[in-house]
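Respectively, the protein sequence lines represent chains A and B.
Under the numbering used here, the first residue of the first sequence is numbered 76, with each subsequent residue one higher.
Under the numbering used here, the first residue of the second sequence is numbered 76, with each subsequent residue one higher.
Honestly, the hints are just simulated from the structure, not real lab data.
In this text the structure is predicted, and so the values were computed from the model without any measurement.
Hints should not be assumed to be uniformly reliable.
One copy or two, either will do: identical chains are not told apart, so a pair holds if it fits within one copy or between any two.
The calculated DSSO-like cross-link candidates involving lysine-lysine, where the alpha carbons are at most 27 Å apart (straight line), are [to be verified]: (1) 127 / 177; (2) 79 / 231; (3) 201 / 185; (4) 168 / 79; (5) 79 / 177; (6) 201 / 126; (7) 171 / 126; (8) 231 / 185; (9) 79 / 171; (10) 244 / 171; (11) 79 / 201; (12) 231 / 177; (13) 255 / 231; (14) 255 / 79; (15) 126 / 168; (16) 126 / 185.
There are 2 protein chains.
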Amino acid sequence: MSIKNLLIEMKNMSELMVDLAYSAVLFNSVDAAEEVLTLENRVNAMNYEIKKESLVAARTYEDAERLTALLEIAEAAESMANAAKDLADLVIKGIKPHPVFKIVMEESDKMMVRLGVVEESDLSNKTLGELFLANRTGMRVIAIRRGESWIYGPDKNTMILANDILLLKGTDEGAELLRKLASAACSLEDIPEELEDED
Amino acid sequence: MSIKNLLIEMKNMSELMVDLAYSAVLFNSVDAAEEVLTLENRVNAMNYEIKKESLVAARTYEDAERLTALLEIAEAAESMANAAKDLADLVIKGIKPHPVFKIVMEESDKMMVRLGVVEESDLSNKTLGELFLANRTGMRVIAIRRGESWIYGPDKNTMILANDILLLKGTDEGAELLRKLASAACSLEDIPEELEDED
Numbered sequence: 076m077s078i079k080n081l082l083i084e085m086k087n088m089s090e091l092m093v094d095l096a097y098s099a100v101l102f103n104s105v106d107a108a109e110e111v112l113t114l115e116n117r118v119n120a121m122n123y124e125i126k127k128e129s130l131v132a133a134r135t136y137e138d139a140e141r142l143t144a145l146l147e148i149a150e151a152a153e154s155m156a157n158a159a160k161d162l163a164d165l166v167i168k169g170i171k172p173h174p175v176f177k178i179v180m181e182e183s184d185k186m187m188v189r190l191g192v193v194e195e196s197d198l199s200n201k202t203l204g205e206l207f208l209a210n211r212t213g214m215r216v217i218a219i220r221r222g223e224s225w226i227y228g229p230d231k232n233t234m235i236l237a238n239d240i241l242l243l244k245g246t247d248e249g250a251e252l253l254r255k256l257a258s259a260a261c262s263l264e265d266i267p268e269e270l271e272d273e274d
Numbered sequence: 076m077s078i079k080n081l082l083i084e085m086k087n088m089s090e091l092m093v094d095l096a097y098s099a100v101l102f103n104s105v106d107a108a109e110e111v112l113t114l115e116n117r118v119n120a121m122n123y124e125i126k127k128e129s130l131v132a133a134r135t136y137e138d139a140e141r142l143t144a145l146l147e148i149a150e151a152a153e154s155m156a157n158a159a160k161d162l163a164d165l166v167i168k169g170i171k172p173h174p175v176f177k178i179v180m181e182e183s184d185k186m187m188v189r190l191g192v193v194e195e196s197d198l199s200n201k202t203l204g205e206l207f208l209a210n211r212t213g214m215r216v217i218a219i220r221r222g223e224s225w226i227y228g229p230d231k232n233t234m235i236l237a238n239d240i241l242l243l244k245g246t247d248e249g250a251e252l253l254r255k256l257a258s259a260a261c262s263l264e265d266i267p268e269e270l271e272d273e274d
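Construct the complete structure from the given sequences, taking the supplied hints into account.
Given below as structure tokens:
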């Protein structure tokens, strides 16, 4: 992989890890915590690759200086990944979070929810592109837990299936709306004025 | 301030710092970088406060264990703040980023833009609540640079003024739309199907 692709992957992965780690603590989810640890190993390995590639790529002092900035970005991603790992370790160690943590997460700028999709939900068997969730509800799907595996940074072609567990980040009101959608307590038609036709 | 409020503030601030630091590097902005350093001092001071408060609050071993989880969250926020500071230091030191950095930021899951608001723009003299930018464009205002000061984590009551510099995070298409709005190349009426009436 090129330095560019490694860095894109590292940046995305480290941001995802922070979200995943906070949610692991919030929902006391051992499988999310374990996933954070797995990803942390991947980020470490990528950081090592970037260092190697950079050393080989640097020909002049000017190269070296500019590559330094890239290495620093890789380091920043690794620091974030490490912070995420420390959080995930709490869950693995079985340390229950203080009740205040839940309040902190709920009053944070962006709240996080975890929702199971029922069979009859309007979300199931539709792609994120078709659903326009971000536009309709202000909630962004961060990851999908499907059976034993995870789907990260899903894109518009990612299809939501019944029994998926969605991890989303967004606002209070959006969370409430999505909870209803996922549980089939309301349908997509109940959410008017979507951007769907225009996009 | 209570532990709860300190943690909320720390968590929000550390996330903002990461965004601000990436954008400082991306736009080679010394004032954004300096702001990151100022915020880092605040985060450090808050972490110290949280430690003090936690030590005083712990009465039993059970208390102590649960408080440990809170301290770990404060540490995670501080790690993220430190990573942001390291990035900001690059800008302060005058190290120009490698061209690859721009590509990395643009191809990242969430892209970042910085836009000046012109007098005739439909954005000026409206609150974020009135504008519904997130719903209309999928872009979230992270911070506003107004003259010599910054407004962080603006809420729906925050008014956008002419000559504000907005720092936003979101999608490709949203960025394009906002660029037009901010420069008065298009008006709000050109963006149909907004959620405004429903919210």
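How the hints compare with the structure:
Taking identical chains as interchangeable, the C-alpha atoms of residue 127 and residue 177 lie at most 27 Å apart only when they sit on different chains, with a minimum of 21 Å there against 41 Å within one chain. Proximity of residue 79 and residue 231 under a CA criterion of 27 Å is satisfied intra-copy only: 23 Å inside one chain copy versus 37 Å between copies. Taking CA atoms no more than 27 Å apart as the test, residue 201 paired with residue 185 passes in both settings, with 25 Å inside one copy and 23 Å between copies. In this assembly of identical chains, the alpha carbons of residue 168 and residue 79 lie at most 27 Å apart only when taken from different copies (23 Å versus 36 Å within one copy).
With identical chains, the CA atoms of residue 79 and residue 177 are at most 27 Å apart between copies only, with a shortest distance of 10 Å across copies and 37 Å within one. In this assembly of identical chains, residue 201 and residue 126 lie within 27 Å of each other by CA distance neither inside one copy nor across copies; the values are 41 Å within and 47 Å between. Proximity of residue 171 to residue 126 under the C-alpha cut-off of 27 Å is restricted to the inter-copy arrangement: shortest distance 18 Å between copies versus 37 Å within a copy. Proximity of residue 231 to residue 185 under the C-alpha cut-off of 27 Å is found in both arrangements, the shortest distances being 22 Å within a copy and 14 Å between copies.
Proximity of residue 79 and residue 171 under a CA criterion of 27 Å is satisfied inter-copy only: 17 Å between copies versus 39 Å inside one chain copy. Taking the shortest Cα distances, residue 244 and residue 171 sit within 27 Å of each other inside one copy (22 Å), while across copies they are farther apart (33 Å). With identical chains, the CA atoms of residue 79 and residue 201 are never at most 27 Å apart, being 32 Å at best within one copy and 39 Å at best between copies. In this assembly of identical chains, the alpha carbons of residue 231 and residue 177 lie at most 27 Å apart only when taken from different copies (24 Å versus 30 Å within one copy).
In this assembly of identical chains, the alpha carbons of residue 255 and residue 231 lie at most 27 Å apart whether taken from the same copy (21 Å) or from different copies (25 Å). Taking the shortest alpha-carbon separations for residue 255 and residue 79, neither the intra-copy value of 40 Å nor the inter-copy value of 29 Å comes in at or below 27 Å. For the homomeric pair residue 126 and residue 168, the shortest alpha-carbon distance between copies (21 Å) is at most 27 Å, but the shortest distance inside one copy (32 Å) is not. With identical chains, the CA atoms of residue 126 and residue 185 are at most 27 Å apart between copies only, with a shortest distance of 24 Å across copies and 33 Å within one.
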